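Need the complex rebuilt from these two chains, each delivered in its own frame; the hints are there to steer you.
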Amino acid sequence: MSDFSRKRVLIIDDAALIRTYYRSALETRGFVVEEALNGLEGLEKVLLQPFDLAIVDINMPRMDGITFLYALRSKELPVSGIPVLVISTEAGVHDAAAARRAGANYYLVKPVKQETLAQYAAVFCGVPR
Amino acid sequence: MAETPPLITEEEFQKLADFLYRRTGMVFTETKRYYVERRIADRIVATSSQSFAGYFAYLRSEVRDEVEHLINAFTVNETYFYREDHQLACLTTDLLKERVAAKEPGDTIRIWSVPCSTGEEPYSIAIWLLENWREVDAYDIEIVGSDIDTRVLEAAAEGMFGKRALMRLSPELIGRYFHGLDDERWRILDDLRQSVRFSRVNLIETKDTRPQGRFDVIFCRNVLIYFDDESRRIAAENLYDNLLPGGFICLGHTESMSRISPLFEVCRYSGAIVYRRPRELRA
Numbered sequence: 001m002s003d004f005s006r007k008r009v010l011i012i013d014d015a016a017l018i019r020t021y022y023r024s025a026l027e028t029r030g031f032v033v034e035e036a037l038n039g040l041e042g043l044e045k046v047l048l049q050p051f052d053l054a055i056v057d058i059n060m061p062r063m064d065g066i067t068f069l070y071a072l073r074s075k076e077l078p079v080s081g082i083p084v085l086v087i088s089t090e091a092g093v094h095d096a097a098a099a100r101r102a103g104a105n106y107y108l109v110k111p112v113k114q115e116t117l118a119q120y121a122a123v124f125c126g127v128p129r
Numbered sequence: 130m131a132e133t134p135p136l137i138t139e140e141e142f143q144k145l146a147d148f149l150y151r152r153t154g155m156v157f158t159e160t161k162r163y164y165v166e167r168r169i170a171d172r173i174v175a176t177s178s179q180s181f182a183g184y185f186a187y188l189r190s191e192v193r194d195e196v197e198h199l200i201n202a203f204t205v206n207e208t209y210f211y212r213e214d215h216q217l218a219c220l221t222t223d224l225l226k227e228r229v230a231a232k233e234p235g236d237t238i239r240i241w242s243v244p245c246s247t248g249e250e251p252y253s254i255a256i257w258l259l260e261n262w263r264e265v266d267a268y269d270i271e272i273v274g275s276d277i278d279t280r281v282l283e284a285a286a287e288g289m290f291g292k293r294a295l296m297r298l299s300p301e302l303i304g305r306y307f308h309g310l311d312d313e314r315w316r317i318l319d320d321l322r323q324s325v326r327f328s329r330v331n332l333i334e335t336k337d338t339r340p341q342g343r344f345d346v347i348f349c350r351n352v353l354i355y356f357d358d359e360s361r362r363i364a365a366e367n368l369y370d371n372l373l374p375g376g377f378i379c380l381g382h383t384e385s386m387s388r389i390s391p392l393f394e395v396c397r398y399s400g401a402i403v404y405r406r407p408r409e410l411r412a
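If you're matching them up, the sequences are chains A and H in order. Residues 1 to 129 (this note's numbering) are what the first sequence spells out, left to right. Residues 130 to 412 (this note's numbering) are what the second sequence spells out, left to right.
Same shape as in the complex, but just chain H (with noise of 0.2 Å):
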């Protein structure tokens, strides 16, 4: 019996995953080719190509944001509300009472959600705050979430969930947050959505970062694991500019920061594992 032939021969399978690389800093190699196939079998039925040769051209040619819908096809953007919530925790128990401690009532304080995919950990930010900070009418909180994919931001705008993305919050605070449309979904108070801003960063790309401005708090959770060591070093640096001197930066439970970049300082909390950019440069 004859096996199906690959999709993509090798050949082409490095010519994507180069291009892949340059445009996102995300690598793929031979291990994850089904997962890649998949995704470009998609597109090439999306795009009416003939060929993978066919939709490669049609990719390069930089013709109807081809390369946005790739790039949102390979992003992963499955997340739930109040995941890795000792994160959370540690941001009102310990992270905004050191950065308050040199800011007075009405200040701004800034926090970062990114990836931030379709809004959970942003909208999870915001509602923990208002549930668990007892300062939080006290100072102006500016919550921004940014994402490559433009796909998955239109959706947090959108601020619609599904039951998967709510299981971990309780009825109470599914009733008090969120407005029920159906059985299946459910919206974001109005309120809520206004007090997040979204916005499309490629981590890598100093000139999507830098516009961002400077933050007290950065949640960059399960990203850089999908980059090679380059770009995780360019990452890492532009998220130290995104970051006010003394600002943190909470990283998956899986990741080190350690050893990816020696600027930051490692915290260590009763929560969690959290890395701060120093006060002051050290002489």
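Excised from the complex, chain A in its bound form (with noise of 0.2 Å):
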């Protein structure tokens, strides 16, 4: 198994059974998990702390995840750099335009394999597998 230790990953999902799940899929594989519970704490966490990889959820309370994106794109680097991966239930074509316009590096469309998910992150976070 690569070693992710030091790969940072932020989730930022409303549904605690979901981030339960990510959290699994990548903390079993060495990957060090943070989480927000929507994209107004996910922007708070970002600003604080450095991170490899943030994956949003898009409907969530409070701030969605393609306000969260246009806000994060708008900060200055490397904060707004930060490689975002979109996983969300909506699977129309132009709801994955909407969050490639907004600042998405990529759309996976729920539900997504413990193992999808874990080469994806390992992928975004440049590690050889």
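Keep in mind that the hints were calculated from the coordinates and are not lab data. Any given hint could be a false lead.
Each computed DSS-like pair below joins lysine-lysine, with the alpha-carbon atoms no more than 25 Å apart [claimed, not checked]:
hint, chain 1, residue 1, chain 2, residue 2
1, H, K161, H, K144
2, A, K110, H, K226
3, H, K144, A, K110
4, A, K113, A, K75
None of the values given here were measured: they were computed from a predicted structure.
Here is the structure:
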């Protein structure tokens, strides 16, 4: 198994069970995981700590994923450059397009297997598999 | 040698049994006298009452939540994670597959564990879904745990468990979903605690059951056996109202809904017998 031990991933999702699911997928492979319950909390976290990747849901209370993306990309580097993987139940072409316009690096439609999530995380964190 | 006089006379026992029945629907006959006496003796000491008569008067005066304390003392709360896991397997292989057929990703799936005791069952459902259901992140899953006993609900929300409760879980699962506090106690991850909502419900009180809303799947194991026919019927009707049309209810393996109420359809799956609220009213 590759060593992801220094790679830090922020999961932004309002559903506790889903956060647990993604966290367990990543932690068992050595990633360090932090969590936020919505976009607003996510922004706060990225301003305070460095992250190699943010995994972001779209539909969330207080601040949704799209608004988070626009806000993130308007910050200074290096914060604005954090890769963002959007994972949503919205499966329409226009949903993915809206996320890409807002600055998402990639868009996955739920359900996402734990192995798949870990593979994408490794790619975005620049870790050779 | 003189025998120790019983703590409670036959007449007193009957008065107490009537009282418990009216308040909880649970039936205690003379065959359960030892069980009842032990708990009453504890409550007499705890309330500094001088005798059963004194205690019963105190109980009926409805002061200081004594009714609640007594009900708490009479509910059986010992359980463990992954108990009756064939039903959990049935949940992921059959029941949820049927339930999501008519749903869209992102829709809500509601699961009710009642009675939930100290949380082992609703948390087991959450862990089982994380481990065994490929679509766990595609739906908004709401798990509710309810019990008549407020003391166990507080413990459930705390999410601390001992060795015995975890005996059926592998070390990998324990490592993944719990923090070890010491050699004897583990605490479930905060995210898992937040994924289950707890509420106090007496199954024979419609005013308690109705606000819980309607569910896709209800686990109601080993509680109806404590009720008499009348309370069992009321509880079954309440549970029926708490199911979405086409929703499922799982009982304990020794229980049969067919004996209690004709409202449900029996469904046989490879792993378990479960009952379903019919999708549409029969003509």
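Hint-by-hint comparison with the structure:
no.	hint	verdict
1	K161/H x K144/H	14 Å, holds
2	K110/A x K226/H	16 Å, holds
3	K144/H x K110/A	58 Å, violated
4	K113/A x K75/A	32 Å, violated
Hints 3 and 4, counting from the list given before, are not met by this structure.
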